[in-house]
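There are 2 protein chains.
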Amino acid sequence: MRIAVDAMGGDKAPQEIVKGSVLAAQQVPDAEIILVGDENRIKHELCLGGTIPKNITIHHAAQIVGMEDPATHSIRQKINSSITQSVELVAKRKADAIVSAGHTGATVAAAMLHMKTLKGIRRPGIAISLPTLHGSCLIIDAGANISCKPLHLYQYGIMASTVCKHLMNIENPKVGLLNIGEEDAKGNDLVRETFSLLSNAHLNFIGNIESREIFDGKADVVVCEGFVGNVILKFAEGMAKNLLTTIKAESMNRFWAKLGLLLCKPVFQSIKTKMDFAEYGGVPLLGINGICIICHGRSDARTIQNAIKAALKLTKTEINEYIISELEKSNTLTAEVA
Amino acid sequence: MRIAVDAMGGDKAPQEIVKGSVLAAQQVPDAEIILVGDENRIKHELCLGGTIPKNITIHHAAQIVGMEDPATHSIRQKINSSITQSVELVAKRKADAIVSAGHTGATVAAAMLHMKTLKGIRRPGIAISLPTLHGSCLIIDAGANISCKPLHLYQYGIMASTVCKHLMNIENPKVGLLNIGEEDAKGNDLVRETFSLLSNAHLNFIGNIESREIFDGKADVVVCEGFVGNVILKFAEGMAKNLLTTIKAESMNRFWAKLGLLLCKPVFQSIKTKMDFAEYGGVPLLGINGICIICHGRSDARTIQNAIKAALKLTKTEINEYIISELEKSNTLTAEVA
Chain A
4 MRIAVDAMGG DKAPQEIVKG SVLAAQQVPD AEIILVGDEN RIKHELCLGG TIPKNITIHH
64 AAQIVGMEDP ATHSIRQKIN SSITQSVELV AKRKADAIVS AGHTGATVAA AMLHMKTLKG
124 IRRPGIAISL PTLHGSCLII DAGANISCKP LHLYQYGIMA STVCKHLMNI ENPKVGLLNI
184 GEEDAKGNDL VRETFSLLSN AHLNFIGNIE SREIFDGKAD VVVCEGFVGN VILKFAEGMA
244 KNLLTTIKAE SMNRFWAKLG LLLCKPVFQS IKTKMDFAEY GGVPLLGING ICIICHGRSD
304 ARTIQNAIKA ALKLTKTEIN EYIISELEKS NTLTAEVA
Chain B
4 MRIAVDAMGG DKAPQEIVKG SVLAAQQVPD AEIILVGDEN RIKHELCLGG TIPKNITIHH
64 AAQIVGMEDP ATHSIRQKIN SSITQSVELV AKRKADAIVS AGHTGATVAA AMLHMKTLKG
124 IRRPGIAISL PTLHGSCLII DAGANISCKP LHLYQYGIMA STVCKHLMNI ENPKVGLLNI
184 GEEDAKGNDL VRETFSLLSN AHLNFIGNIE SREIFDGKAD VVVCEGFVGN VILKFAEGMA
244 KNLLTTIKAE SMNRFWAKLG LLLCKPVFQS IKTKMDFAEY GGVPLLGING ICIICHGRSD
304 ARTIQNAIKA ALKLTKTEIN EYIISELEKS NTLTAEVA
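The listed protein sequences correspond, in order, to chains A and B.
Quick note: the first sequence uses the numbering used here, first residue 4, plus one each step.
Quick note: the second sequence uses the numbering used here, first residue 4, plus one each step.
Treat the hints as calculated values from the structure; they're not laboratory data.
It is possible that some hints are incorrect.
Here are the simulated SDA-like pairs of lysine to any residue, each with C-alpha atoms no more than 25 Å apart in a straight line [as the list claims (entries may be wrong)]: (1) A/K244 to B/K268; (2) B/K189 to B/E216; (3) B/K261 to A/D219; (4) B/K189 to A/E240; (5) A/K261 to B/R301; (6) A/K244 to B/S132; (7) A/K189 to B/D303; (8) B/K244 to B/K189; (9) B/K268 to B/G241; (10) B/K119 to B/N292; (11) B/K319 to B/P176; (12) B/K261 to A/L136.
Can you build the whole structure from these sequences, using the hints too?
Below you can see the structure in the form of structure tokens.
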């Protein structure tokens, strides 16, 4: 298995990306890791780390897509960027998967352009697992697509349900549509039209779900447009941090609570780990003809290490074949709406 | 001061609405509370409560807008609904403010139709204060308007900034635009066009703000469209509950943590109160020519009591005059975009 890693993508690139790749290479010696980016800078980082694992190679890419670059434009202009070069390695079958913590929009655009989408899929979507009281909930889309159409959301429901069924062993995944009310007539045009599509799908569609219910285990999959999905996931991150800091700050003013906090430390540690995106590594961009793992822009070595392991695990499954098969069952509907 | 209370609106109506109104009437004897709704049912609830305060009267309204009713349609069809009748009392100057925990969309539509918007305002918006590490952050819109245009969001920024300045004594409120990235070019068409409008406004516009930063005190006002605002506020509610339950559940399995939790009880109680919407009562619908307080559908007596007190407090301010004055400063721009 060969994983192309975008060494220049992310706030802490290339340092943390290279470090994480070395850790993964040491842990999984039969995997081949191709670091894509500025050869000199990558070599420099590798040397700093000491012995370079034999299963790490470098693929030179002179350009970098900056966070301020517009996605589509940069992909067309910067054909030698680390993102485009990484994606091309997979497209040309010189790698089996790509991992990137760089510009999400650019990675999605490059993957669509070079790797192409799966047959019938209009737009790829990012699926992120949110820890809840009863396990987890898969939110799709977390920011790959901010110009969603009802058909895109409908296909997100099918893709995420397939992931739940085949990778998470949930027999008949409950799919909910994120809305601002439970009633069928609630919401804007996008969600109302999506509601009607999902109602007719080969899915265990449970209807609208309000954001406060996500944590109740009501749905295994929650479908929403990329802007909203991105906002709630980053909000969850900020709120978890805020709540834990508030608990700490409020305890510091009270003698007994201060002691109580000390005794509760293992509990907070466990919750922090659950809410820590670095533990999860990257998340898959579903709907792409290949395996593409998207990481948080603030990824550190541990995130990248886990993301590479996630990519390796995913290449061993037949998730894309399962998605195509589930999509075919709904082909009539897709053709009607298109 | 006369407050029209929609007695039939909300999941716990009329019981909790009547109870809350009685509590408020007892607490503020010089206020007059007009309970609007089915006279017999209201009378029945009032009798159950014992002595009826003299400052409570009933205004009969035979119809109820159900949660499943489409907003605009129900307002045109059900002219004798408790929502429409309450709003009309204010429009006809028979009341100074309205409080409703009923169908938000219908209340907004009725207020626009009968009370009208302030001069120049295109759409009213709901402003909700979210508790953060450094105080609070005013989120606008929380669900009044799910078909937002850039001009609506621009006006939301002006209105919420005015509230911060004149009601919360924040000298030069920092106004942020909720987006999925900090860079100017990020986001969908709506936020990109709004960004350019806000950049030219008479505001302390700090640019895009990501949802994880809301809790950091980076902005006093966060502008977003109603669908997104509604989703994040309900998400915050669900997540706070989920986190506190998880802490409790995880502590129960550990002897020392269980004791620690007991010692931390006052801390959790204080946080719970901060995150409890019932404490806040209702929130103002800004941009309406009058005072309109919107309450959570699940409001109980305490929420209604606090909402009535909020309505009384707001009628004593000149918030709408301040909003009009701030809007006038930006009239040229509004005219250009319109």
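For the pair supplied as a hint, A/K189 and B/D303, is the alpha-carbon distance within the 25 Å limit? Holds - the C-alpha atoms of B/D303 and A/K189 are around 23 Å apart, at most 25 Å.
Hint consistency between B/K261 and A/L136 [alpha-carbon to alpha-carbon, up to 25 Å]: holds, 19 Å
Mind checking the alpha carbons of A/K261 and B/R301 for me, to see if they're no more than 25 Å apart? violated, 35 Å
Pair hint B/K189 and A/E240, alpha-carbon separation not exceeding 25 Å: holds, 20 Å
Quickly compare the C-alpha distance for A/K244 and B/S132 to 25 Å and report which way the hint goes. Distance ~19 Å between A/K244 and B/S132 Cα, so the pair holds.
Satisfaction of hint between B/E216 and B/K189, Cα-Cα up to 25 Å: holds, 16 Å
Hinted pair B/K268 and B/G241, Cα distance within 25 Å: Roughly 20 Å separates the two Cα atoms, so the pair holds.
Could you grab the alpha-carbon distance between B/K119 and B/N292 and see if it respects the 25 Å cut-off? Holds. B/K119 to B/N292 sits at ~6 Å (cutoff 25 Å).
So if I understand the rule, the pair passes when the alpha-carbon distance is 25 Å or less; does B/K261 with A/D219 pass? Measuring from Cα to Cα gives roughly 24 Å; hence the hint holds.
Given pair status - B/K189, B/K244, alpha carbons within 25 Å: violated, 32 Å
Hinted pair, alpha-carbon criterion (25 Å max): A/K244, B/K268. Please report holds or violated. Roughly 20 Å between the alpha carbons, so the hint for A/K244 and B/K268 holds.
Does B/P176 sit within 25 Å of B/K319, going by the straight-line distance between their CA atoms? With a Cα-Cα distance of about 22 Å, the restraint between B/K319 and B/P176 holds, given a limit of 25 Å.
Hint compliance for this structure: hints 5, 8 are broken, all remaining hints hold.
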